[in-house]
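Undergrad: Throw the hints in and build the complete structure from the sequences for me.
Residue numbers (our numbering): 61 to 340.
Note that these hints are calculated values from the structure, not bench results.
Small disclaimer: the values here were computed from a predicted structure and weren't measured.
Treat the hints loosely; a few may be bogus.
Beta-carbon label-pair distances, calculated as ranges [claimed, not checked]:
id	residue 1	residue 2	range
1	Pro243	Leu149	40 to 46 Å
2	Ser282	Ile176	14 to 20 Å
3	Gly198	Pro247	52 to 58 Å
4	Ala199	Gln278	51 to 57 Å
5	Ser282	Glu105	51 to 57 Å
6	Asp188	Ser299	49 to 55 Å
7	Glu81	Trp261	51 to 57 Å
8	Leu102	Gly222	39 to 45 Å
C-beta atoms are modelled at their ideal positions from N, C-alpha and C, and glycine is treated no differently.
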Amino acid sequence: MRPSDEWFNEMQRRILESLNESKREVLRDEFGMIADYRSDNLPLEIESDFLDYVLEFERQFENAKSILVRERIGDPPILPIEEIPVEELQQAIDSLLDLMEANGIFVDFLGEAQVIDVYRYLTGELLDEEIDDINIPGARMCFTFASPEYNAEMWTEQFVMGVLRRDNYFVHPGSIPMQFYNPVGIPITEAEFHRAIVEIWSVLPPIKAYSVEMLAVQVKGSEARTEAIIKWTSENDQSEHKVTSTFLLHPSPYLEDGWEVVQTSFLDDLRNDQNVISAE
61 MRPSDEWFNE MQRRILESLN ESKREVLRDE FGMIADYRSD NLPLEIESDF LDYVLEFERQ
121 FENAKSILVR ERIGDPPILP IEEIPVEELQ QAIDSLLDLM EANGIFVDFL GEAQVIDVYR
181 YLTGELLDEE IDDINIPGAR MCFTFASPEY NAEMWTEQFV MGVLRRDNYF VHPGSIPMQF
241 YNPVGIPITE AEFHRAIVEI WSVLPPIKAY SVEMLAVQVK GSEARTEAII KWTSENDQSE
301 HKVTSTFLLH PSPYLEDGWE VVQTSFLDDL RNDQNVISAE
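TA: Below, the structure is given as structure tokens:
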């Protein structure tokens, strides 16, 4: 009597389940796996492929040496930016990105970067980044390039969020001296700048929601200036508020590509907001 299809399917399921468990044992015993990579909703065949991928990654990673990105992509000849006509610069960037992607290296670009800055980043920084020499079909290594304007905008929004949400990070004294300024440009200490934030917290009602609309971003060397419309809703009476504020940012001594707000009209704008004044 020939076994039923159900019987064959059940035997196949048990065999595959046993094989998957064996792969987990190898990951636990040889590579110190803690998570089981197990899901009741995941078909056993897909789970098997995933465990194979993890095993192959761990085996290669264990013995992987460090290489440069330029080595991974075959060490192509790179022309100095001065030798590339401006109208051909975008094509040079596209060709280099295509070569990287063919070798599993991808770059995410945040903000509107100038082609000159992108080429300098790719050829002057990224190609000399060290990576693990791991080659697994379908694997991707991702890098991120953010334009200075994008970073300045992001750190402005972080500052606004920190003030409105009463984040103590923004009044925590730093270990590296920085110069701060009051709204009219007179130098003040970091402690005085932080004190102004704390004073605003004493009169600012709890915030339910807020938004930041960037009006202008300008970066010149080690200085960035931003202007934004900040809107928020008071949690107490649902009243809506809006101010237009300016910010001066200097490079952060703590974070690469980070910025610190060292001068702003935002604190005075909050204080001068009629609804905030009435809350006092």
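Undergrad: Against each hint, give a clear statement of whether it holds in the structure.
TA: Hint-by-hint comparison with the structure:
1. Pro243 / Leu149: 40 to 46 Å: holds, 41 Å
2. Ser282 / Ile176: 14 to 20 Å: At roughly 19 Å between Cβ atoms, Ile176 and Ser282 fall inside 14 to 20 Å, so the hint holds.
3. Gly198 / Pro247: 52 to 58 Å: Given range 52 to 58 Å: holds, Cβ gap about 55 Å.
4. Ala199 / Gln278: 51 to 57 Å: With a Cβ separation near 40 Å, Ala199 and Gln278 fall outside 51 to 57 Å, so the hint is violated.
5. Ser282 / Glu105: 51 to 57 Å: For Glu105 against Ser282, whose Cβ atoms are near 55 Å apart, the range 51 to 57 Å holds.
6. Asp188 / Ser299: 49 to 55 Å: holds, 54 Å
7. Glu81 / Trp261: 51 to 57 Å: Holds: the Cβ-Cβ distance is about 55 Å, inside 51 to 57 Å.
8. Leu102 / Gly222: 39 to 45 Å: For Gly222 against Leu102, whose Cβ atoms are near 40 Å apart, the range 39 to 45 Å holds.
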